[in-house]
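There are 2 protein chains.
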Amino acid sequence: MCELLALNFGMETSLQITFRGFQKRGSCNPDGWGLAYYPDESAIIIKEPITSTQSKLATFVSKYSEIRGKIFIGHVRKASVGNKGCFKNTHPFTRELDGKQFVFAHNGTLRNHDSLSSQYFTPIGDTDSEHSFCHLLSEYKDKIGSIQKREHFDCIHSILKAINERGNFNCIFSNGEYLFCYHDRDKYKGLDFVERIAPFGHVELVDDDWKVNLDEEKDTNQHGYVIATKPLTKEVWKSFESGELIVLRNGLMVYSSHRTSLEMRILQTIRNHPTKIEIQELVSKLKRPFDVICRQVQVLHHHDLIRQDSRDQVSADHKNASFFTNSGMNGIISCWVGKRDINN
Amino acid sequence: MCELLALNFGMETSLQITFRGFQKRGSCNPDGWGLAYYPDESAIIIKEPITSTQSKLATFVSKYSEIRGKIFIGHVRKASVGNKGCFKNTHPFTRELDGKQFVFAHNGTLRNHDSLSSQYFTPIGDTDSEHSFCHLLSEYKDKIGSIQKREHFDCIHSILKAINERGNFNCIFSNGEYLFCYHDRDKYKGLDFVERIAPFGHVELVDDDWKVNLDEEKDTNQHGYVIATKPLTKEVWKSFESGELIVLRNGLMVYSSHRTSLEMRILQTIRNHPTKIEIQELVSKLKRPFDVICRQVQVLHHHDLIRQDSRDQVSADHKNASFFTNSGMNGIISCWVGKRDINN
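Chains as they are written, first to last, in numbering that gives the first Met the number 0: chain A, 0 to 343; chain B, 0 to 343.
This is chain A alone, in the form it adopts within the complex (with noise of 0.2 Å):
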């Protein structure tokens, strides 16, 4: 009934989204946009319970320039529970959390919502989507607290899985730092992502439901990830797994219950690798072309997890670049690809 996107981003960007409202569907209009940013800590929401294509903030969210930030996550709905034409039931919902802004919006329908127990938070709408934004975050709160070991994400992935007993269910979500896509374990109405990694030129994701308008972007230290229910260009994209979790931070896949990611391959060969290595080393080893491993290995030094040994006489991004990991993050290296195998 709802169609989902989002992005995040390794360096802050700009967006333009225009909703488009079903609009080339006539007998089918939404009732219902919104979309999350953050623009720091704390998360900005625009949304209203009208469709999209009637809406003058709407039109004005597609041509303003300043919704900026590395996570974003739209929305678009179509009413099944809970009554059409309000606020309170229009996604995406919000909660603080220990000091974390949590933005939620989910699409299916879920069966028995109100059973959902939820100690610490109760929903001011109907749906069951912010019921289940409730549990989820009630669970979170008993269960996790912070993110701190990779077990963590294996136990959203469990509480995920058990309300997705109850129905339909993909939900996007994010506490301001991470971003969180879950997929439905029948794959009801699809979802997919798209890798997208700089250099590249001004580019427009387009479907009935939305057209983004990403900034051009030179810094070849830009990578993220764009998620939507269906593709948005003709590139290919990849398809979440049945009942798939997949955890981004900074432009990264840091987790999946499904898969590795190329980008957590290279930082964990690279981190039980006893000494340091070069990328020829990790282009072998991972048998794929230089210039992704060699991008990607951007990326991660960018982000400060690996460091460039100091005696290197080459650049970073030559084939006889040799890293290590940042012991100063191996905690949270850890928390994403494990412990390290001390047979390795």
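Just so you know, not all the hints are guaranteed correct.
Which copy? The list can't say, so a pair holds if one copy fits it or any two copies do.
To be verified - Taking lysine to aspartate or glutamate pairs in the DMTMM-like style, the calculated list, with each CA pair at most 20 Å apart, reads: (1) K186 - E164; (2) K286 - D316; (3) K55 - E65; (4) K275 - D311; (5) K140 - D97; (6) K99 - D125; (7) K99 - D113; (8) K210 - D191.
FYI, nobody ran anything at the bench for these hints, they're computed from the structure.
Since the structure of chain A is already known, use the hints to place chain B on it.
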């Protein structure tokens, strides 16, 4: 350091608000502007950490006709505590408590705000204001829960007075039902209010900080209050007393720590009268002009707080129209005007 504005009406109204951004005071530009309103039980918050005169969003808001509700809270900020130019430090702030969306704005500066305890909420930003909001809500949750009796307002007043011990503290907040307005004990900056009762033509409320255009209101049941740091019209505004809390609901002043509003005096008089009471008798008891009493009676009648005797042969605005309180509203009436004096 900041300027506050709030409006509460008995019926939904539409307004256009122009944040003028201290534009007449060259040396004192604000570091943020914000507007919150309740289109339903949920609040919409529009804010930016930049000078409103430089903001395209503020310009859009000033012309947008869809800003409708019964409760509005506005704020312009000159940073005192907390970094400048951050969304996370821009008022109004929001949290959900027991399924109600609270919105809060403050002016003044508090000392040692980090030591304000807050069990259930944690600030996202750095301001004394958001700290005091988190503290207030935690106390509210522990001591009040939901407002059931007049002592709950007294309790909120005590919480606010205790915060005020730490410095200058004017604040305006709402749970979507009540609008709470508290004035600093040392009368810092000032806080004034004016009553507005229909019919009124197009109203322009204006000073250096903002211009508010209220649509023409012909429905004689419309009634409300405007609260601002400084009077916005040439009418006679009333000043808050030092340390006064005023609470509004549906455009009625249902509580004040320092005064009893005419509407509550009328309601109390009708409630305490052993039988039904005519408007002319209210006029004689309360010693106010017939027109003034009659209009307030119509408003109370509109909100179903009082009922006209069905045997009356006259219309509800006739001097012989007779009223009694609606027994179905006894709970809320006692909450506002205290328990019935059985000796009366």
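Checked hints:
1. K186 - E164: Cα proximity of K186 and E164: one copy only (13 Å, versus 57 Å across).
2. K286 - D316: For K286 and D316, only the intra-copy Cα distance (18 Å) is at most 20 Å; the inter-copy one is 87 Å.
3. K55 - E65: For K55 and E65, both the intra-copy (17 Å) and inter-copy (9 Å) Cα distances are at most 20 Å.
4. K275 - D311: within (11 Å within a copy, 95 Å between copies)
5. K140 - D97: Both: 8 Å inside a copy, 17 Å across copies.
6. K99 - D125: between (24 Å within a copy, 13 Å between copies)
7. K99 - D113: between (25 Å within a copy, 17 Å between copies)
8. K210 - D191: Within one copy only: 16 Å inside a chain, 47 Å across chains, cut-off 20 Å.
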